[in-house]
Amino acid sequence: MLRLEKRPQPSKVWTYAAPLLAVVITIILGGVLFWLLGKDPIAATGMIFWDPLFGNFSAFYLPELLIKAAPLILIAIGLSFGFQAGIWNIGAEGQYIIGAICAAGVALAFYPLEARWLIFPLMIVAGIAGGAAWAMIPALLRVYFKTNEILVSLMLVYVAEVLINAFSVGLMRDPDGMGFPGSRSIKQYPSASNGDLFPNLGSFGSGIHWGVITALFAVIVAYVFMTRHRFGFNVRLAGQSPRAAAFSGVNPNRLIILCMVLSGGMAGVAGMFEVAGPSGQILGSFPAFYGFTAIIVAFLGRLHPFGILLAGLLMALTYIGGDAALQPLQLPSASIQVFQGMLLFSLLSVDVLTNYRIRLAQGAVT
Amino acid sequence: MGDINIVFLLAAVIVASTPIMLAAIGELVVERAGILNLGVEGMMITGAVCGYIAGHETSSAFVGFSGAALGGAAVAGIFGMLTLGLLTNQVATGLALTLFGVGLAAIVGQGYSTDTEVIVSKLSIPFLTDIPAIGHILFKHDLVVYCSLALVALVWAFLKYSRAGLILRAVGENHEAAHALGYNVLLIRFGAVLFGGACAGLGGAYISLVRVPQWTDGITAGAGWIALAIVVFAGWKPGRLVVGAYLFGGVTALQLNLQATGLAIPVEYLSMSPYIATILVLVALSGSPGPGSLGKTFHASR
Numbered sequence: 095m096l097r098l099e100k101r102p103q104p105s106k107v108w109t110y111a112a113p114l115l116a117v118v119i120t121i122i123l124g125g126v127l128f129w130l131l132g133k134d135p136i137a138a139t140g141m142i143f144w145d146p147l148f149g150n151f152s153a154f155y156l157p158e159l160l161i162k163a164a165p166l167i168l169i170a171i172g173l174s175f176g177f178q179a180g181i182w183n184i185g186a187e188g189q190y191i192i193g194a195i196c197a198a199g200v201a202l203a204f205y206p207l208e209a210r211w212l213i214f215p216l217m218i219v220a221g222i223a224g225g226a227a228w229a230m231i232p233a234l235l236r237v238y239f240k241t242n243e244i245l246v247s248l249m250l251v252y253v254a255e256v257l258i259n260a261f262s263v264g265l266m267r268d269p270d271g272m273g274f275p276g277s278r279s280i281k282q283y284p285s286a287s288n289g290d291l292f293p294n295l296g297s298f299g300s301g302i303h304w305g306v307i308t309a310l311f312a313v314i315v316a317y318v319f320m321t322r323h324r325f326g327f328n329v330r331l332a333g334q335s336p337r338a339a340a341f342s343g344v345n346p347n348r349l350i351i352l353c354m355v356l357s358g359g360m361a362g363v364a365g366m367f368e369v370a371g372p373s374g375q376i377l378g379s380f381p382a383f384y385g386f387t388a389i390i391v392a393f394l395g396r397l398h399p400f401g402i403l404l405a406g407l408l409m410a411l412t413y414i415g416g417d418a419a420l421q422p423l424q425l426p427s428a429s430i431q432v433f434q435g436m437l438l439f440s441l442l443s444v445d446v447l448t449n450y451r452i453r454l455a456q457g458a459v460t
Numbered sequence: 084m085g086d087i088n089i090v091f092l093l094a095a096v097i098v099a100s101t102p103i104m105l106a107a108i109g110e111l112v113v114e115r116a117g118i119l120n121l122g123v124e125g126m127m128i129t130g131a132v133c134g135y136i137a138g139h140e141t142s143s144a145f146v147g148f149s150g151a152a153l154g155g156a157a158v159a160g161i162f163g164m165l166t167l168g169l170l171t172n173q174v175a176t177g178l179a180l181t182l183f184g185v186g187l188a189a190i191v192g193q194g195y196s197t198d199t200e201v202i203v204s205k206l207s208i209p210f211l212t213d214i215p216a217i218g219h220i221l222f223k224h225d226l227v228v229y230c231s232l233a234l235v236a237l238v239w240a241f242l243k244y245s246r247a248g249l250i251l252r253a254v255g256e257n258h259e260a261a262h263a264l265g266y267n268v269l270l271i272r273f274g275a276v277l278f279g280g281a282c283a284g285l286g287g288a289y290i291s292l293v294r295v296p297q298w299t300d301g302i303t304a305g306a307g308w309i310a311l312a313i314v315v316f317a318g319w320k321p322g323r324l325v326v327g328a329y330l331f332g333g334v335t336a337l338q339l340n341l342q343a344t345g346l347a348i349p350v351e352y353l354s355m356s357p358y359i360a361t362i363l364v365l366v367a368l369s370g371s372p373g374p375g376s377l378g379k380t381f382h383a384s385r
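Protein sequences, first through last, are from chains A and B. What the first sequence shows, in the working numbering, is residues 95 to 460, in sequence order. What the second sequence shows, in the working numbering, is residues 84 to 385, in sequence order.
FYI, nobody ran anything at the bench for these hints, they're computed from the structure. Some hints could be false.
[Unchecked claim] Below, simulated DSSO-like cross-link-like pairs (lysine-lysine); rule was C-alpha separation at most 30 Å, straight line:
1. A/Lys240 <-> B/Lys243
2. A/Lys100 <-> B/Lys243
3. B/Lys379 <-> A/Lys240
Keep in mind it's a predicted model, so treat the numbers as computed, not measured.
Pulled out of the complex, with its shape left as it was, chain A reads as follows:
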């Protein structure tokens, strides 16, 4: 009989090896799933993981990779602080939507004024403020009423989805849009556009927009804060031992609010870059599940900024490869969620090796 024995310290080797093993397991499980559905497993897996990077259309897919990875990394970096402290903001999707709505609101209010120096920064501020405010609701309810932040932040995702649908056909509808749903194109409004910064780099552009640069910057800043600053230390302390944190003077309520506002603000700014660039307008189809996928990115990246950077790129690859593979394979778009679910399952399972040693159980204890 096998049994688990707790390691005194998490294993260094498995900390790095576990995510890789989890990816391998997921690819194998995914292959089995394709096989069960009657599709060629090797071709399907190749379509998802190989073709976007090295296939014939990689010049088209590589910029897409950066565009998809940027919001995932931004949101996951914000979430990673709270998750380390045991504060579960599950509603990043809602904060992302509200950030986009606020930023779009600023842009539409100034339209058609030409003042990029004013409008673009103001949109960033509005995105951060909107996301942070939406995250403040569960934070304050948790602090003052001990309400479960998981459920409240999640309910607010549904509310945000209803709101963006309502705004796209109501308050923010394009007055010149012949009655079609959706706002004016913010991407084509020069003072607010978050377009490709190096459009001539590849045959399909570089994919680098302000959100990509901000995401990279966020990774570095988060690394410094996490490892070199008192805030990062307090976060990790509160997660590992709330009592010890309280004795060392960490105010748990302030930590909840800080972590929630941080993750909400990051999700909000990700929404701003998305609505001003790749997505381009307020529309009912704007939510793309980034807020939920970012949770997996945060875990896959071990809640470490550099890990999140790599995990974000990998998840973006599954998005792109998934989209490219699903149509020829005639699978519904939601099936990519099966992959994401299996990835998180196997990652969490493999993690047992990081914290425990597997031992053959001996007979009776003497």
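Given chain A, put chain B in place with the hints provided.
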């Protein structure tokens, strides 16, 4: 408001509440055993698709609901093996279960269309059904509605009066102590997780076989999360759970009725009301700490 028929509204409340009540009573048992399974939404939607397909293949409501319970329990089994066997974080595993279930249901149910009909027969009790108004509200539903209420009563009696219920609660309150007393914490919890999955599956099937009744992607639309909220609202007590489920069903049915009457309030704002109501209810009634070992990983040390 004058256009709303109060009798039909109250009857609709009961139909709207039943899936959430079924999922919530299962989750209540799971949480009383000390496990927090956030994957209710994933188990419900798996049950919805399994129940729909099983029911339509055999055109039998009984087979449909049985299939749903099995499907829900099967995906709950994954959750149980991971959290109990491999000691994974319950919050993250529950989220993974929701993602997995939603995606799996979309694949399994893709393009599933059929002409066979599943009839979940309505009960007709002599005399009682004929009472004006009350007969229509209370005594003209399908068997599942009454079974779900009976299930809540059974869970209540089980937790309060049976020895097995006492052991389950002991495991949830303090797993170290229960382990020291010689109870098999993992086995008891695994059983509770499977029961929770089966109940969530039944709730999902009630949506896809009775309430809607058809299969569409994302059919549960957050009902699983609301069931989780109702468990907190109920303070982990079966009696209050019924009140919570009917309250929520009331909000849902009322907003649908208001939409139909074409009130001045835009449809969008009405359709967010169940979620807002859930938050308000959580705020008003939270504060109860819940079972002592809820959400904590158990590892028997030597």
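Each hint tested on the structure:
no.	hint	result
1	A/Lys240 <-> B/Lys243	holds, 27 Å
2	A/Lys100 <-> B/Lys243	violated, 36 Å
3	B/Lys379 <-> A/Lys240	holds, 19 Å
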